[in-house]
Amino acid sequence: MHRFANPARFMRLSARLLPWLAGATALLLAVGLYLALIASPPDYQQGQAVRIMYVHVPSAWLSMAVYGAMALASTAYLVWKHPLAGLFTKAVAPVGAGFTALCLVTGSLWGEPMWGTWWVWDARLTSVLILFFLYLGYIALVGAFDDAERGLRVGAVLVLVGTVNLPIIKFSVDWWNTLHQPASVGRFDGPAMDTAMLIPLLVMALAFTLLFAVLALVRTRAELTWRKVEVLRLFQAAGE
Amino acid sequence: MRALWHLIRRDLTLVLRSGTDAGAALAFFVVTVTLFPFGIGPEPEILGRVAAGLIWVSALLATLLSMERLFQADYEDGTLDQLLLAGVSAEAIAVAKIAAHWLVTGLPLLIVAPVMGALIQLPTGAYGVMIASLAMGTPVLSLIGGIGAALILGARRGGALLALLVLPLFVPPLIFAVGAIDAAALGLSPRPNLLFLAGLLAAALPLAPVAAAAAIRQVLD
Numbered sequence: 081m082h083r084f085a086n087p088a089r090f091m092r093l094s095a096r097l098l099p100w101l102a103g104a105t106a107l108l109l110a111v112g113l114y115l116a117l118i119a120s121p122p123d124y125q126q127g128q129a130v131r132i133m134y135v136h137v138p139s140a141w142l143s144m145a146v147y148g149a150m151a152l153a154s155t156a157y158l159v160w161k162h163p164l165a166g167l168f169t170k171a172v173a174p175v176g177a178g179f180t181a182l183c184l185v186t187g188s189l190w191g192e193p194m195w196g197t198w199w200v201w202d203a204r205l206t207s208v209l210i211l212f213f214l215y216l217g218y219i220a221l222v223g224a225f226d227d228a229e230r231g232l233r234v235g236a237v238l239v240l241v242g243t244v245n246l247p248i249i250k251f252s253v254d255w256w257n258t259l260h261q262p263a264s265v266g267r268f269d270g271p272a273m274d275t276a277m278l279i280p281l282l283v284m285a286l287a288f289t290l291l292f293a294v295l296a297l298v299r300t301r302a303e304l305t306w307r308k309v310e311v312l313r314l315f316q317a318a319g320e
Numbered sequence: 002m003r004a005l006w007h008l009i010r011r012d013l014t015l016v017l018r019s020g021t022d023a024g025a026a027l028a029f030f031v032v033t034v035t036l037f038p039f040g041i042g043p044e045p046e047i048l049g050r051v052a053a054g055l056i057w058v059s060a061l062l063a064t065l066l067s068m069e070r071l072f073q074a075d076y077e078d079g080t081l082d083q084l085l086l087a088g089v090s091a092e093a094i095a096v097a098k099i100a101a102h103w104l105v106t107g108l109p110l111l112i113v114a115p116v117m118g119a120l121i122q123l124p125t126g127a128y129g130v131m132i133a134s135l136a137m138g139t140p141v142l143s144l145i146g147g148i149g150a151a152l153i154l155g156a157r158r159g160g161a162l163l164a165l166l167v168l169p170l171f172v173p174p175l176i177f178a179v180g181a182i183d184a185a186a187l188g189l190s191p192r193p194n195l196l197f198l199a200g201l202l203a204a205a206l207p208l209a210p211v212a213a214a215a216a217i218r219q220v221l222d
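Protein sequence lines, in the order shown, are assigned to chains A and B. Each residue of the first sequence is one higher than the last, beginning at 81 in the numbering used here. Each residue of the second sequence is one higher than the last, beginning at 2 in the numbering used here.
Certain hints may be false.
Derived DEER-like restraints, expressed as beta-carbon distance ranges [to be verified]:
| # | chain 1 | residue 1 | chain 2 | residue 2 | range |
| --- | --- | --- | --- | --- | --- |
| 1 | A | Phe315 | B | Leu5 | 17 to 25 Å |
| 2 | A | Ala85 | B | Arg157 | 38 to 46 Å |
| 3 | B | Arg192 | A | Tyr114 | 28 to 36 Å |
| 4 | A | Pro174 | B | Ala204 | 25 to 33 Å |
| 5 | A | Thr305 | B | Thr14 | 30 to 38 Å |
| 6 | A | Asp226 | B | Thr14 | 27 to 35 Å |
| 7 | B | Ile47 | A | Val309 | 33 to 41 Å |
| 8 | A | Tyr124 | B | Leu111 | 27 to 35 Å |
| 9 | A | Leu98 | B | Arg192 | 51 to 59 Å |
| 10 | B | Leu221 | A | Thr305 | 45 to 53 Å |
| 11 | A | Leu314 | B | Arg157 | 15 to 23 Å |
| 12 | A | Thr197 | B | Leu5 | 48 to 56 Å |
| 13 | B | Ala87 | A | Phe315 | 43 to 51 Å |
Some chain A residues well away from chain B (every beta-carbon gap over 12 Å; in silico) [stated by the list, open to error]:
| # | residue |
| --- | --- |
| 14 | Gly217 |
| 15 | Arg230 |
| 16 | Leu238 |
| 17 | Asp274 |
| 18 | Ala296 |
| 19 | Val298 |
| 20 | Val309 |
| 21 | Val311 |
Derived from the structure by calculation, the hints contain no laboratory data. Note that CB positions come from ideal geometry on N, CA and C, so glycine has one too.
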């Protein structure tokens, strides 16, 4: 891992990797969308509305996976002071927030025809909403410092605090739910999903993961370049 | 250890001498709770049903109100730097500050809360549990808030930022505390919820000062 912490090597490798990754993403996304929106059968109860799932579920998975990646990167940043890890965390936070927002919005759009309401104070919905707030908090905190380096370090501490809290929030919210609102969802632990739906879902999940990889690389490269520009400007200002 | 004690004494003295700071959070709590009957109507049944939540959300906001200044004054006049340079550990500073904060804002809430409970028709059986939940819950709020206050040192727009960082983390204590009070009001056992709350306190007590200290140390470089 330490080998790839070198910014110059990262720039070289990512430049070579990006076209392939982007191509694979576009291909998988096209195949996945075709399978999900056209080739897969409508649900016998939900009809066409079930197709929202193919966007909703992958973005839900990604919303959590991105936070996990941020937590790992923050640990690396605080422990080994790898500059790349801090920049990566900052770069992917808006992407994670985007997936979380997508998950919330599609869930809401799905809930309206299925449950007859846009929003339920259900445990799962609520914990995703809190995850969204954690993302927003991180983005706001990192941006609030004049010294960018310090913003990254403080942000890394916040990400780790959020990691400790995430399971607590999850379980406390589960608990709260069973007290006030017994079973209103529980769709997925019903009959196992049919392969005709499972395959498009998995293709979409893979496509979303690749999409995240592409966005993460592009954005980290942009952060790195931006940092370079700032340093050059400082040198220039000092020279004159 | 001695440094810890001196820091707490110093903070308490500062607050007591300045006078208004100590009362502000308490007054905020009282006024906020008073506002709700105007907002949702004076019917005793409705108020009684939501009383636990009102007390707790108000307590939460009152805690947050005084949180922003927790390390800010010492950061701005350089005291924080001097303490760290003098060899006081950042953990000790965090513990002392948080303890002083709780003594000044959390503890008075315990005393006023029953009165406010009576004003908004909290069911009779729930008072003991409410006090217990506040006694265990407000230290958790101060501890979590302490992390937030340390994180925003030197940031722009600190106050709004602090709310955004800390309020999502306040959700677990809120859930368990209100769960306990509601259970007691319905004549059920509040024990499981109170135990969870105690568990949160037991986890936050050692962990939160470590996290806050990690943020405080960023001040030095």
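Inset, instruction - Against the earlier hints, flag every one the structure doesn't satisfy and list their numbers going up. - result: Going through the list in order, the structure violates hints 1, 2, 3, 5, 7, 8, 10, 13, 14, 15 and 16 and respects the others.
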